[in-house]
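S.K.: Chain residues, written in single-letter form:
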Amino acid sequence: MNQIFIIIRREYVTRVRTKAFILTSILMPVFFSLIMFLPGYFAEQNEEDTSRIGLVDHTGWMSEVLVQNKLVLTPLPASTFDQIRSMINKKKVDGVVEITGEKERSISVRYYYNKRTSSSLIKKLEAITEKAMLNKKLTDYGVKNPAQLLAQVKQNAQVDTVKVQNPTDKSDNDVIRYIVAVTLGLFIYMLIFLFSSQVMQGVLEEKTNRIAEVIITTVSPIKFMIGKIVGIALLGITQIGIWIVLGCGLLFYLSVGMHLTPGGFSDFLSHGAIHLLVQIGLLKIIIGFVLLFICGYLLYSSIFAVVGVTVNHHDEMQQMSMLVGLPLIIAIIVLTVDTVNNPDSTLSFWLSMIPFTSPVVMMGRLAFGAPTGELIISIAILLVTMIGMMWLAGKIYRGMILYTGKKVGVKDAIEWLQRSLTSKKNE
Amino acid sequence: MIVAEDIYKKFNDTVALNRVNITIPTGSIFGLLGPNGAGKTTFIRILTRIYLPDGGTVLINDNPLNELNARKIGYLPEERGLYKKMKVGELILYMARLRGLKTVEAKEQMNYWFGRFDIRDWSDKRIDSLSKGMQQKVQFIIAVLHRPEFLILDEPFSGLDPLNTEAIENEILELHKSGTTIVFSTHNMDSVERFCERVVLIDKGQVVLSGTVDEVKQAHKQSLYEFKCREHVDFLNERIAKSGTVVSSELKSGVYTVLAKLNTESEADGVLIDIAGKVKLTSFCELLPSMNDIFIESVKNKNEEL
Numbered sequence: 001m002n003q004i005f006i007i008i009r010r011e012y013v014t015r016v017r018t019k020a021f022i023l024t025s026i027l028m029p030v031f032f033s034l035i036m037f038l039p040g041y042f043a044e045q046n047e048e049d050t051s052r053i054g055l056v057d058h059t060g061w062m063s064e065v066l067v068q069n070k071l072v073l074t075p076l077p078a079s080t081f082d083q084i085r086s087m088i089n090k091k092k093v094d095g096v097v098e099i100t101g102e103k104e105r106s107i108s109v110r111y112y113y114n115k116r117t118s119s120s121l122i123k124k125l126e127a128i129t130e131k132a133m134l135n136k137k138l139t140d141y142g143v144k145n146p147a148q149l150l151a152q153v154k155q156n157a158q159v160d161t162v163k164v165q166n167p168t169d170k171s172d173n174d175v176i177r178y179i180v181a182v183t184l185g186l187f188i189y190m191l192i193f194l195f196s197s198q199v200m201q202g203v204l205e206e207k208t209n210r211i212a213e214v215i216i217t218t219v220s221p222i223k224f225m226i227g228k229i230v231g232i233a234l235l236g237i238t239q240i241g242i243w244i245v246l247g248c249g250l251l252f253y254l255s256v257g258m259h260l261t262p263g264g265f266s267d268f269l270s271h272g273a274i275h276l277l278v279q280i281g282l283l284k285i286i287i288g289f290v291l292l293f294i295c296g297y298l299l300y301s302s303i304f305a306v307v308g309v310t311v312n313h314h315d316e317m318q319q320m321s322m323l324v325g326l327p328l329i330i331a332i333i334v335l336t337v338d339t340v341n342n343p344d345s346t347l348s349f350w351l352s353m354i355p356f357t358s359p360v361v362m363m364g365r366l367a368f369g370a371p372t373g374e375l376i377i378s379i380a381i382l383l384v385t386m387i388g389m390m391w392l393a394g395k396i397y398r399g400m401i402l403y404t405g406k407k408v409g410v411k412d413a414i415e416w417l418q419r420s421l422t423s424k425k426n427e
Numbered sequence: 001m002i003v004a005e006d007i008y009k010k011f012n013d014t015v016a017l018n019r020v021n022i023t024i025p026t027g028s029i030f031g032l033l034g035p036n037g038a039g040k041t042t043f044i045r046i047l048t049r050i051y052l053p054d055g056g057t058v059l060i061n062d063n064p065l066n067e068l069n070a071r072k073i074g075y076l077p078e079e080r081g082l083y084k085k086m087k088v089g090e091l092i093l094y095m096a097r098l099r100g101l102k103t104v105e106a107k108e109q110m111n112y113w114f115g116r117f118d119i120r121d122w123s124d125k126r127i128d129s130l131s132k133g134m135q136q137k138v139q140f141i142i143a144v145l146h147r148p149e150f151l152i153l154d155e156p157f158s159g160l161d162p163l164n165t166e167a168i169e170n171e172i173l174e175l176h177k178s179g180t181t182i183v184f185s186t187h188n189m190d191s192v193e194r195f196c197e198r199v200v201l202i203d204k205g206q207v208v209l210s211g212t213v214d215e216v217k218q219a220h221k222q223s224l225y226e227f228k229c230r231e232h233v234d235f236l237n238e239r240i241a242k243s244g245t246v247v248s249s250e251l252k253s254g255v256y257t258v259l260a261k262l263n264t265e266s267e268a269d270g271v272l273i274d275i276a277g278k279v280k281l282t283s284f285c286e287l288l289p290s291m292n293d294i295f296i297e298s299v300k301n302k303n304e305e306l
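Residue numbers (this note's numbering), protein chains in the order written: chain A, 1 to 427; chain B, 1 to 306.
Just so you know, not all the hints are guaranteed correct.
Here are the computed lysine-lysine pairs in the DSSO-like style, where the Cα-Cα straight-line distance is at most 30 Å [unchecked claim]:
hint : chain 1 : residue 1 : chain 2 : residue 2
1    : A       : LYS223    : B       : LYS217
2    : B       : LYS72     : A       : LYS223
3    : B       : LYS87     : A       : LYS19
4    : A       : LYS90     : A       : LYS124
5    : B       : LYS217    : B       : LYS204
6    : B       : LYS107    : B       : LYS84
7    : B       : LYS204    : A       : LYS223
No lab work stands behind these hints, which were simulated from the structure alone. Note that the coordinates shown come from a computational prediction; the quantities given were computed from them, not determined experimentally.
Model the full assembly from the supplied sequences, consistent with the hints where possible.
M.R.: Right, dumping it as structure tokens:
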């Protein structure tokens with residue numbers, strides 16, 4: 001047992017201090033925070049730019065409406081087209097908004113520019129103008145408080161879906177469920193692939209540089225393989241931990257410290273995300289995620305270890321890893337196309353039971369409230385397959401680790417396996 | 001002592017070792033010879049428990065080979081590698097700890113070997129910053145760090161420059177003096193002549209010949225004798241012709257060299273007695289075949305048999 005710990009320690013320590021590990025640990029949360037915050041940040045930046053845009057207001061009242069709607073432009077004296085053009089050409093202003101109107105009812109807005117401005121300014125102008133015209137017309141019809149009336153009139157039709165098993169569960173959650181299913185499903189896929197392929201590369205390295213020959217004189221190949229797989233699993237858990245801590249820290253800093261709004265997740269957060277996550281079964285999702293990831297990783301890492309030990313070159317390894325990773329890719333497709341729309345469909349159900357696809361698909365179904373019983377069955381099947389696969393991988397590994405030169409076919413691998421199985425009694 | 005009895009090993013349709021019996025006496029320097037693909041590496045991998053034999057047993061000091069007593073064996077494989085991104089010290093300690101040494105003990109041994117090779121400042125160097133010769137020193141240290149009773153060296157000098165070869169040779173001889181049994185697998189016959197006390201030659205999975213180097217040479221000698229003299233070479237040739245045959249006779253720098261085939265040692269004695277004082281003999285010796293010749297001859301004979 002002690003030997004396994006020594007191997008786990010080496011696998012962990014030599015990887016955890018590599019530049020690649022440190023960089024991905026730091027850059028991933030930074031990258032995701034940027035994706036979330038940059039759109040909001042740039043939107044804010046663009047809004048500030050309106051000070052370089054001039055306003056020629058022929059109506060006399062629209063400039064006030066614009067200020068009320070927080071669109072601050074630089075007022076210019078009434079000008080002709082030629083004057084406006086010369087101001088823009090001389091770069092005194094970036095653009096000029098000209099508002100003309102007859103009898104206060106029909107307003108036309110024109111934007112002069114040389115350098116294209118953001119479409120958000122145009123949209124904002126359109127929205128303000130439309131609202132102003134509507135208000136004016138309603139006032140003409142004798143409405144006293146047009147803004148209040150408009151707010152009352154505007155109603156979004158919405159269908160509420162209620163699950164009878166859990167009546168407090170509201171339809172709002174579907175968006176959250178979708179986000180959770182896809183995010184966690186993709187995350188599991190990414191993590192399994194990332195860390196399993198490290199196992200594969202490690203095995204191939206030891207095989208091609210021949211250090212395996214010295215090591216397996218003192219350590220049994222199966223112990224050696226398990227040590228490697230567990231060491232890299234701990235590495236994965238460390239990385240996820242760093243991502244969570246750094247990610248939360250960054251989110252907190254950017255949103256509270258810098259007063260930025262996360263663009264893509266504004267809906268998510270505005271719904272009281274944590275509250276909703278609790279409603280859709282946060283604890284079950286977290287436990288499910290951890291178990292599905294660990295079992296899925298152990299299953300795939302033993303398969304990838306076999307790939308590493310049966311190939312002789314990096315190119316071969318990449319081709320083979322694509323092939324054995326195919327079930328996971330199918331799982332992702334089914335998750336995004338079928339599971340999120342119909343989590344209990346026959347296809348989704350069975351793929352959440354088949355161990356090669358279940359880590360991803362079951363994760364998706366879990367977000368949509370799959371029964372605990374099904375989760376337990378799925379994990380049990382995964383666990384049994386994983387143990388069987390590890391045992392089998394150990395056998396193939398033992399036979400193949402020193403086998404270099406001739407390209408190994410499926411037939412060779414099976415023959416090696418048979419030999420390993422029959423020679424067990426000698427041990 | 002390592003005793004391998006009746007070892008049989010098959011890979012798919014190829015028989016790699018066919019009922020091989022080899023005894024490696026404690027304290028000897030043992031040469032495991034054979035052409036490429038003869039089964040040497042397979043045999044070594046069975047001794048190091050990398051492969052399990054399909055038939056036969058291996059006894060180490062009279063006990064069956066198992067995980068624990070396999071630690072008495074140190075192994076330097078022919079194709080050897082190291083973790084390129086690890087530091088020298090870390091890697092040596094890792095390998096030592098896998099072999100059951102405590103960290104303190106392993107560090108002591110490591111410092112001892114660093115001292116022997118005069119490489120005390122290598123501990124923090126990364127493996128991939130070392131030259132091939134430097135890496136081979138590290139590999140050697142890894143093989144001997146746990147003070148094995150038996151040290152198996154598969155082509156230990158391949159790719160080494162003369163300086164590194166000498167350094168490793170000295171250490172091997174030093175280990176032998178302190179009681180370590182050395183097993184050489186090689187097809188470099190020079191090193192066999194220089195080091196080995198006993199040899200076994202394997203070809204096509206079978207033992208072709210075995211014994212001490214002297215026994216093997218005696219068994220393969222062709223009763224060739226070399227005479228060197230300064231005068232009356234004709235007299236010498238005539239005398240030889242009476243008891244055997246003159247294989248060659250030539251003059252070089254004023255010295256005649258005559259190669260004679262004489263059937264028995266007493267015939268050689270007779271020739272010496274008769275020519276004494278007559279030919280100005282400068283040297284006389286029996287020509288024993290080199291290990292290289294024996295190797296080539298034995299492998300050829302084996303091929304002809306098949």
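S.K.: Would you mind marking each hint as holding or not holding in the structure?
M.R.: Okay, the hints, checked on the actual structure:
Restraint check for A/LYS223 and B/LYS217: the C-alpha separation of about 46 Å exceeds 30 Å, so the hint is violated. Restraint check: the Cα-Cα separation between B/LYS72 and A/LYS223 comes to about 20 Å, which is no more than 30 Å; the hinted pair holds. Between B/LYS87 and A/LYS19 the alpha-carbon distance is near 16 Å, which keeps this suggested pair within the 30 Å criterion. Our distance criterion of 30 Å between C-alpha atoms is met by A/LYS90 and A/LYS124, whose separation comes to about 26 Å.
For the hint linking B/LYS217 to B/LYS204, the alpha-carbon distance of about 22 Å falls within 30 Å, and the restraint holds. Distance hint between B/LYS107 and B/LYS84 is fulfilled; the C-alpha atoms sit about 21 Å from each other, no more than 30 Å. Between the alpha carbons of B/LYS204 and A/LYS223 the distance comes to roughly 34 Å, so the proposed pair goes past 30 Å and is violated.
This entry does not satisfy hints 1 and 7, going by the numbered hints stated previously.
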